[in-house]
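Enquirer: Spelled out from the first residue to the last, the chains are:
There are 2 protein chains.
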Amino acid sequence: MNLLESIPRKDGFRMPAEFEPHSKCWMIWPERPDNWRNGAKPAQEAYSKVAEAISQFEKVTVCVSHEQYYNARKKLPPRVRVVEMSSNDAWMRDVGPTFVVNDEGIVRAVRWKFNAWGGLYFPWDKDELVALKVADMEEMDCYQAPMVLEGGSIDVDGEGTLITTEECLLNSNRNPQLSKEQIEQFLKDYLGVEKIIWLKRGVYNDETSGHVDNLCRFVRPGEAVLTWTEDRNDPQYEISRENYEILSKETDARRRRLKIHLIHQPSPIYVTEEEDSGVDFSERTHRRPAGYRLPASYVNFYFARGALIVPVFNDPKDKEALRKFREILPDRKIVPVYAREILLGGGAIHCITLQQPLGVRRC
Amino acid sequence: MNLLESIPRKDGFRMPAEFEPHSKCWMIWPERPDNWRNGAKPAQEAYSKVAEAISQFEKVTVCVSHEQYYNARKKLPPRVRVVEMSSNDAWMRDVGPTFVVNDEGIVRAVRWKFNAWGGLYFPWDKDELVALKVADMEEMDCYQAPMVLEGGSIDVDGEGTLITTEECLLNSNRNPQLSKEQIEQFLKDYLGVEKIIWLKRGVYNDETSGHVDNLCRFVRPGEAVLTWTEDRNDPQYEISRENYEILSKETDARRRRLKIHLIHQPSPIYVTEEEDSGVDFSERTHRRPAGYRLPASYVNFYFARGALIVPVFNDPKDKEALRKFREILPDRKIVPVYAREILLGGGAIHCITLQQPLGVRRC
Numbered sequence: 001m002n003l004l005e006s007i008p009r010k011d012g013f014r015m016p017a018e019f020e021p022h023s024k025c026w027m028i029w030p031e032r033p034d035n036w037r038n039g040a041k042p043a044q045e046a047y048s049k050v051a052e053a054i055s056q057f058e059k060v061t062v063c064v065s066h067e068q069y070y071n072a073r074k075k076l077p078p079r080v081r082v083v084e085m086s087s088n089d090a091w092m093r094d095v096g097p098t099f100v101v102n103d104e105g106i107v108r109a110v111r112w113k114f115n116a117w118g119g120l121y122f123p124w125d126k127d128e129l130v131a132l133k134v135a136d137m138e139e140m141d142c143y144q145a146p147m148v149l150e151g152g153s154i155d156v157d158g159e160g161t162l163i164t165t166e167e168c169l170l171n172s173n174r175n176p177q178l179s180k181e182q183i184e185q186f187l188k189d190y191l192g193v194e195k196i197i198w199l200k201r202g203v204y205n206d207e208t209s210g211h212v213d214n215l216c217r218f219v220r221p222g223e224a225v226l227t228w229t230e231d232r233n234d235p236q237y238e239i240s241r242e243n244y245e246i247l248s249k250e251t252d253a254r255r256r257r258l259k260i261h262l263i264h265q266p267s268p269i270y271v272t273e274e275e276d277s278g279v280d281f282s283e284r285t286h287r288r289p290a291g292y293r294l295p296a297s298y299v300n301f302y303f304a305r306g307a308l309i310v311p312v313f314n315d316p317k318d319k320e321a322l323r324k325f326r327e328i329l330p331d332r333k334i335v336p337v338y339a340r341e342i343l344l345g346g347g348a349i350h351c352i353t354l355q356q357p358l359g360v361r362r363c
Numbered sequence: 364m365n366l367l368e369s370i371p372r373k374d375g376f377r378m379p380a381e382f383e384p385h386s387k388c389w390m391i392w393p394e395r396p397d398n399w400r401n402g403a404k405p406a407q408e409a410y411s412k413v414a415e416a417i418s419q420f421e422k423v424t425v426c427v428s429h430e431q432y433y434n435a436r437k438k439l440p441p442r443v444r445v446v447e448m449s450s451n452d453a454w455m456r457d458v459g460p461t462f463v464v465n466d467e468g469i470v471r472a473v474r475w476k477f478n479a480w481g482g483l484y485f486p487w488d489k490d491e492l493v494a495l496k497v498a499d500m501e502e503m504d505c506y507q508a509p510m511v512l513e514g515g516s517i518d519v520d521g522e523g524t525l526i527t528t529e530e531c532l533l534n535s536n537r538n539p540q541l542s543k544e545q546i547e548q549f550l551k552d553y554l555g556v557e558k559i560i561w562l563k564r565g566v567y568n569d570e571t572s573g574h575v576d577n578l579c580r581f582v583r584p585g586e587a588v589l590t591w592t593e594d595r596n597d598p599q600y601e602i603s604r605e606n607y608e609i610l611s612k613e614t615d616a617r618r619r620r621l622k623i624h625l626i627h628q629p630s631p632i633y634v635t636e637e638e639d640s641g642v643d644f645s646e647r648t649h650r651r652p653a654g655y656r657l658p659a660s661y662v663n664f665y666f667a668r669g670a671l672i673v674p675v676f677n678d679p680k681d682k683e684a685l686r687k688f689r690e691i692l693p694d695r696k697i698v699p700v701y702a703r704e705i706l707l708g709g710g711a712i713h714c715i716t717l718q719q720p721l722g723v724r725r726c
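Quick mapping for you: the protein sequence lines, in order, are chains A and B. Anchor point for the first sequence: position 240 equals 240 in the working numbering, and the numbering is continuous, going up by one each time. Anchor point for the second sequence: position 171 equals 534 in the working numbering, and the numbering is continuous, going up by one each time.
Certain hints may be false.
[Said to hold, decoys possible] Dumping the calculated DSS-like pairs for lysine-lysine here, alpha-carbon to alpha-carbon at most 30 Å:
#1 A:Lys-74 <-> B:Lys-489
#2 A:Lys-59 <-> B:Lys-489
#3 B:Lys-687 <-> B:Lys-563
#4 B:Lys-551 <-> B:Lys-622
#5 B:Lys-437 <-> A:Lys-126
#6 B:Lys-422 <-> A:Lys-126
#7 B:Lys-476 <-> A:Lys-41
#8 B:Lys-437 <-> B:Lys-387
[As the list claims (entries may be wrong)] Reference listing, derived: stretches of chain B covered by chain A, where coverage requires no fewer than 3 residues with Cβ under 8 Å from a Cβ of chain A:
#9 490-503
#10 577-584
Since the hints were derived computationally from the structure, they do not count as laboratory data. Every residue gets a Cβ at the ideal spot worked out from N, C-alpha and C, and that includes glycine.
Only chain A is shown next, with the shape it has when bound in the complex:
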């Protein structure tokens, strides 16, 4: 693995959309008992179900500590690859590399600076090496981007457009020394995009400072989904409307107006007393006490090859969301996976997965 000092855009590399072909999916095995209740056993079961679902469509590699290696190996299906890799928690989307590709089919990695979502836990010494280790394992060269960023805070259409939120990327807990223009330039340089669409706030109570991957995602060039509610008393109401206003007026890098699909959120989900009581106390992690509202959203899905893996919450709204995804993506198999246990730890299916694109040679 070469550590590259050049810039992906200048080298002809760009970040492909998640709906482009993958070579594999990366995940990290959850284990810390101060973030995951009951010794992380319910979370491990939930992650296993996600890995099992995705591995029906593409290869999956799960990274795990030495201590949990044998347990993870036994609990995951044989077709899932399990490799040792230390981390501080289990959010591959945010700690892994961003993969970029060129027209010759070469895939490279971009490693961002990482500060645990502006300091949600401490330390993050293991997480900040994950991107490098993934690139090394795959024998890929790796760029080092000079700003803090998590993969979940951006989404691209693969045709030059990036969508993100001001709440996250302009937050003083990320890159306070950089101006909006400097951040735009780094996104353009390291992801090969031309146009950045700035939404305002992310999903209500999303502790990531409003990652866009829980709020709004591209489903194909020119089309996106936005999490939504019709309940005027829900704090999400105003957030979604404000973002909808922006999206309905914006154009993408190819000057298309965007088609926006609204996906109604599940009913509000709150941490129960029982759930709270299973989490170890710690001074160094973000606590979600009983009664805490969790940022549930169907938009936190993962595109696998030929499929869409969608978080569901055993909620009456699940059905409507799945029906909508079937309409929007008629050529994909829509696969629901129950995600409450992942949500209890701070995210959902997109947050715990990371696609590695297939390098495709373009004539």
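Position chain B relative to chain A; hints supplied.
Expert: Showing chain B alone in chain A's frame:
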């Protein structure tokens, strides 16, 4: 990775000879200061030189702890892959899997039981998972062999013959519950060999209980090299002669008489006061105090693609050994690497490397 309960021989698998084509070479990064002097820095430099030499001929993957990952990545050449993998020391030959192949080009792994060479250190909890993790990373199915064995204690010609020592395989510190016949049967079952040649004792003072890879190795079917001395006062004299007697009378699996090349050992090498003083004290490791005679041998070489990587010791005998190897293997590039720092930790180049064979389809 499937954990297989069947037997390689019955599935049509066999262990290829090391001189057959490789897909890559595996190593482990040394770091424990109670085995390697001066915080393992001289050993890391020596291992890096071995990795660098081999990586000119074939791919090399070096496994390393999280703590040493960044250091190893910076110190090893970019063309070497570095992956996180916990271990108790740095002897991939002995803790890694034995790879077996079939005629369809499929490669599988065999995992042996491991007890740290009969208990040279404690614990060995990390080492005993290395074989599984290597197989998992390579997406190979893995057999579990029901006996203690290290890769360095056997050598095969790829045509049905295995060579080993009684000192090691029949030692009460390995498999005291198994008879010689049972051990032979497991070797036949798990390595696909038909004939076992039993040598007596390994190299003098070899703490592995006399691993054959420091004593005698196949260089092609029907031909082997044996470490040797003409000094009648050296304890190695009797050992080498006794083994030569056996070899000169034996036939291999194809009923060939063996051609034996004698490689004169280097002058005796002793641990110096300075070397000894750089090693951390520990109750749980094997100590090699000042004045301790080290089991130096040129036979502890590694076959890389088109090359032979040979340990040398800055000894007058180096030249003679290299000349002999050039004669015996005229089509290979003979590459010497200074190995005293590896020897100080208990082995040499073959001990710290492990070839992964290329699966080759045979019509």
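Enquirer: If a hint holds in the structure, say so; if it doesn't, say that too.
Expert: To see whether the hints hold, each was checked on the structure:
no.	hint	result
1	A:Lys-74 <-> B:Lys-489	holds, 17 Å
2	A:Lys-59 <-> B:Lys-489	holds, 27 Å
3	B:Lys-687 <-> B:Lys-563	holds, 25 Å
4	B:Lys-551 <-> B:Lys-622	holds, 23 Å
5	B:Lys-437 <-> A:Lys-126	holds, 17 Å
6	B:Lys-422 <-> A:Lys-126	holds, 27 Å
7	B:Lys-476 <-> A:Lys-41	holds, 29 Å
8	B:Lys-437 <-> B:Lys-387	holds, 21 Å
9	490-503	holds (count 6)
10	577-584	violated (count 0)
Checked against the numbered hints given earlier, the structure breaks only hint 10 and satisfies all the rest.
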